[in-house]
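**Student:** Single-letter residue listing:
Number of protein chains: 2
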Amino acid sequence: MTIIVDAMGGDNAPDEIVLGAINAAERQNINVTLVGIEDDIRKAMERTGIRKLPENLTIVNASEVIDVKDDPSTAIRTKKDSSLTVGFKLLRDGHGDGLVSAGSTGAILAGATLIVKRIRKVRRAALAPVIPSTTGRFILIDCGANAECTPEYLVQFAYMGAFYARDMLKINSPRIGLLNNGAESTKGTPLQLETYDLLKKTELNFIGNIEAKDAMKGGCDVLVCDGFSGNVMLKSIEGAASLVVSELKTMFFSGVSSKIAALLLKKKMLGLKQKLNPDSTGGTALLGISKPVIKAHGSSNAAAISSAIAQAVREAESDVASKLTDNFNKMPPV
Amino acid sequence: MTIIVDAMGGDNAPDEIVLGAINAAERQNINVTLVGIEDDIRKAMERTGIRKLPENLTIVNASEVIDVKDDPSTAIRTKKDSSLTVGFKLLRDGHGDGLVSAGSTGAILAGATLIVKRIRKVRRAALAPVIPSTTGRFILIDCGANAECTPEYLVQFAYMGAFYARDMLKINSPRIGLLNNGAESTKGTPLQLETYDLLKKTELNFIGNIEAKDAMKGGCDVLVCDGFSGNVMLKSIEGAASLVVSELKTMFFSGVSSKIAALLLKKKMLGLKQKLNPDSTGGTALLGISKPVIKAHGSSNAAAISSAIAQAVREAESDVASKLTDNFNKMPPV
Numbered sequence: 197m198t199i200i201v202d203a204m205g206g207d208n209a210p211d212e213i214v215l216g217a218i219n220a221a222e223r224q225n226i227n228v229t230l231v232g233i234e235d236d237i238r239k240a241m242e243r244t245g246i247r248k249l250p251e252n253l254t255i256v257n258a259s260e261v262i263d264v265k266d267d268p269s270t271a272i273r274t275k276k277d278s279s280l281t282v283g284f285k286l287l288r289d290g291h292g293d294g295l296v297s298a299g300s301t302g303a304i305l306a307g308a309t310l311i312v313k314r315i316r317k318v319r320r321a322a323l324a325p326v327i328p329s330t331t332g333r334f335i336l337i338d339c340g341a342n343a344e345c346t347p348e349y350l351v352q353f354a355y356m357g358a359f360y361a362r363d364m365l366k367i368n369s370p371r372i373g374l375l376n377n378g379a380e381s382t383k384g385t386p387l388q389l390e391t392y393d394l395l396k397k398t399e400l401n402f403i404g405n406i407e408a409k410d411a412m413k414g415g416c417d418v419l420v421c422d423g424f425s426g427n428v429m430l431k432s433i434e435g436a437a438s439l440v441v442s443e444l445k446t447m448f449f450s451g452v453s454s455k456i457a458a459l460l461l462k463k464k465m466l467g468l469k470q471k472l473n474p475d476s477t478g479g480t481a482l483l484g485i486s487k488p489v490i491k492a493h494g495s496s497n498a499a500a501i502s503s504a505i506a507q508a509v510r511e512a513e514s515d516v517a518s519k520l521t522d523n524f525n526k527m528p529p530v
Numbered sequence: 197m198t199i200i201v202d203a204m205g206g207d208n209a210p211d212e213i214v215l216g217a218i219n220a221a222e223r224q225n226i227n228v229t230l231v232g233i234e235d236d237i238r239k240a241m242e243r244t245g246i247r248k249l250p251e252n253l254t255i256v257n258a259s260e261v262i263d264v265k266d267d268p269s270t271a272i273r274t275k276k277d278s279s280l281t282v283g284f285k286l287l288r289d290g291h292g293d294g295l296v297s298a299g300s301t302g303a304i305l306a307g308a309t310l311i312v313k314r315i316r317k318v319r320r321a322a323l324a325p326v327i328p329s330t331t332g333r334f335i336l337i338d339c340g341a342n343a344e345c346t347p348e349y350l351v352q353f354a355y356m357g358a359f360y361a362r363d364m365l366k367i368n369s370p371r372i373g374l375l376n377n378g379a380e381s382t383k384g385t386p387l388q389l390e391t392y393d394l395l396k397k398t399e400l401n402f403i404g405n406i407e408a409k410d411a412m413k414g415g416c417d418v419l420v421c422d423g424f425s426g427n428v429m430l431k432s433i434e435g436a437a438s439l440v441v442s443e444l445k446t447m448f449f450s451g452v453s454s455k456i457a458a459l460l461l462k463k464k465m466l467g468l469k470q471k472l473n474p475d476s477t478g479g480t481a482l483l484g485i486s487k488p489v490i491k492a493h494g495s496s497n498a499a500a501i502s503s504a505i506a507q508a509v510r511e512a513e514s515d516v517a518s519k520l521t522d523n524f525n526k527m528p529p530v
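Protein chains in written order, with the numbering used here: chain A, 197 to 530; chain B, 197 to 530.
Derived by calculation from the structure, the hints in this document are not laboratory data.
Hints may be right or wrong, so weigh each one.
For identical chains, the list gives no copy identity; a pair is met inside one copy or between any two copies.
Dumping the calculated EDC-like pairs for lysine to aspartate or glutamate here, alpha-carbon to alpha-carbon at most 16 Å [as the list claims (entries may be wrong)]: (1) LYS265 with GLU380; (2) LYS413 with GLU443; (3) LYS366 with GLU443; (4) LYS413 with GLU390; (5) LYS413 with GLU399; (6) LYS276 with ASP263; (7) LYS445 with ASP289; (8) LYS469 with GLU443; (9) LYS469 with GLU344; (10) LYS519 with ASP410; (11) LYS366 with GLU513; (12) LYS464 with ASP207; (13) LYS397 with GLU348; (14) LYS526 with GLU234; (15) LYS275 with ASP207.
Working from the sequences, and respecting the hints, build out all of it.
**Tutor:** Structural data, given as structure tokens:
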């Protein structure tokens, strides 16, 4: 099992990516291929105090870097020696079982689609993060790969999400909800209204429209939406969680009794922070691509990269992409 | 100053609404007109232990109730003796300076638009809640009155939001952000792309695209969006906040040291809960209507109703609706 890691993508690249990849190589029973500017990777090792590479980690040099400002499709096509382009070609050609990048979502999507290719019949790949809820967790699909969607895309997202929930979260008959601004079947824009009718006709366990707050109370296992709304939901949760954490910090550092309480709670607060932190659950699966591709959070640190690598391993081991391919071959046309 | 209160709308009607209205009449220097089924209102008073109505509170009987399941526009037109229809007619005819309802958003919007009417030139009324951020607060407009929007509506929301921020939040040159799935000007669907270009041309202090998490960090004073995305954002914040509160409760009740910590923090936790609770900041203004209309949260209790009434008073006192009318008369066509 080999996981390809883009050393140059993300706010903390290359240092944290290199460190995370090395940690994963040392602790997980896998090979890691680190793709990027070799000189920068070596310097990152020096800065983080690592003298020797683990034997199961290989560096593949790639002289270019795709910047967040670059147009994704153009960059993937023209920067032929970028870490992402080289990494995706390695994945396509069978030199790896999965790829992890904390780079720009657009570039990862473009690279995965143009080089590794979508599963046959899949119209659009979708980002599917696992979100914590009061009673467990659920899959949000799509959370930003496709700002504009058709009802057909959304039905395909529902199929992919359902499959992923069954295979990776071990939920037998996942409850599929459609993100909407109310539970009534008349709610939403034409996109939601048409998708509702189409989902009703599938054999999926479609439970109807769900509001964001009800999904977070455990109202469904897969929450289907267009990438724009999904992104708004994901970023709002992130924003609300940091607001609460910042308020808690202010609270804990005002007055003696609060400081004592903070000490008593220290360990548990860390646990809570971890549960609310999207990085600790690994990265986000890009579903619909013929091989496992994981988008790590842009602000990933070494621990987040390690956990995204672990997620790529789980996806590769359970062979989600091949099973999805079979699934789509059998899927009735929308 | 008289505030009209719909006694029959909301999950906790009529008891909590009646109690909230009575509290407001007793503590705020205003008159309150409570509209609804008089018999039900009297019974609610009995149940909540109130024997005598304050002198500054009047009951206006209305024999019908608009249900959440009713089609909003049809219900406003056909249920001529519903609490909302009667209440809005009182407001239109000058028998009150503002109206508060915890009823269905659709019915409030339909009633306000059909009976009280929009301000001239305003294409759509919009819901504009005040949301807490790490550094203060911001206005989210629209959060659910209009699932489908045009760029022109969004530009008008920006004007209304800016005006409200100046007049009610006392922010001199409010920073207007456009809710988007990234900060770059190329992000979003055609709606965001076109709105971006239009907002650039206005004299508003438009600072560009803003992601939900950055708005929650205090990145702007007015966050403009279509009602569908705004609703997703609002409900996601609500969901995330209740997830955190539920996790904190679990944490506080596991183990002796945590229980001690919980006791030490009790008062401050209540303060935090209140800051995160949308009800404590009052209701949500429906902007663009020719008189003040406040939508209280569907799950409002008596305290939430009182604070929504206080907000209606503030809006009526500062004469926001008339000022908005002047503003729109001077506004260049979009």
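**Student:** Taking the hints in turn, state whether each one holds.
**Tutor:** Structure-based check of all given hints:
Within a single copy, LYS265 and GLU380 get their C-alpha atoms only as close as 41 Å, which misses the 16 Å cut-off; across copies the closest is 8 Å, which meets it. For the identical chains of this complex, LYS413 and GLU443 are inter-copy neighbours only, at 12 Å across copies versus 22 Å inside a copy, given an alpha-carbon limit of 16 Å. Within a single copy, LYS366 and GLU443 get their C-alpha atoms no closer than 36 Å, and across copies no closer than 24 Å, so neither meets the 16 Å cut-off. Taking the closest pair of Cα atoms, LYS413 and GLU390 never come within 16 Å of each other, the shortest separation being 26 Å inside a single copy and 35 Å across copies.
With identical chains, the CA atoms of LYS413 and GLU399 are never at most 16 Å apart, being 25 Å at best within one copy and 42 Å at best between copies. Proximity of LYS276 to ASP263 under the C-alpha cut-off of 16 Å is restricted to the intra-copy arrangement: shortest distance 14 Å within a copy versus 61 Å between copies. In this assembly of identical chains, the alpha carbons of LYS445 and ASP289 never lie at most 16 Å apart, being 49 Å within a copy and 51 Å across copies at closest. Within a single copy, LYS469 and GLU443 get their C-alpha atoms as close as 13 Å, and across copies as close as 10 Å, so both meet the 16 Å cut-off.
Taking the shortest Cα distances, LYS469 and GLU344 never come within 16 Å of each other, neither inside one copy (33 Å) nor across copies (36 Å). In the homo-oligomer, the alpha carbons of LYS519 and ASP410 never lie at most 16 Å apart, since the shortest distance is 30 Å inside one protomer and 38 Å across protomers. Taking the shortest alpha-carbon separations for LYS366 and GLU513, only the intra-copy value of 14 Å comes in at or below 16 Å, while the best inter-copy value is 57 Å. For a Cα distance limit of 16 Å, the shortest separation of LYS464 from ASP207 qualifies neither inside one copy, at 28 Å, nor across copies, at 35 Å.
For the homomeric pair LYS397 and GLU348, the shortest alpha-carbon distance inside one copy (12 Å) is at most 16 Å, but the shortest distance between copies (36 Å) is not. Taking the shortest alpha-carbon separations for LYS526 and GLU234, neither the intra-copy value of 44 Å nor the inter-copy value of 61 Å comes in at or below 16 Å. In this assembly of identical chains, the alpha carbons of LYS275 and ASP207 never lie at most 16 Å apart, being 20 Å within a copy and 58 Å across copies at closest.
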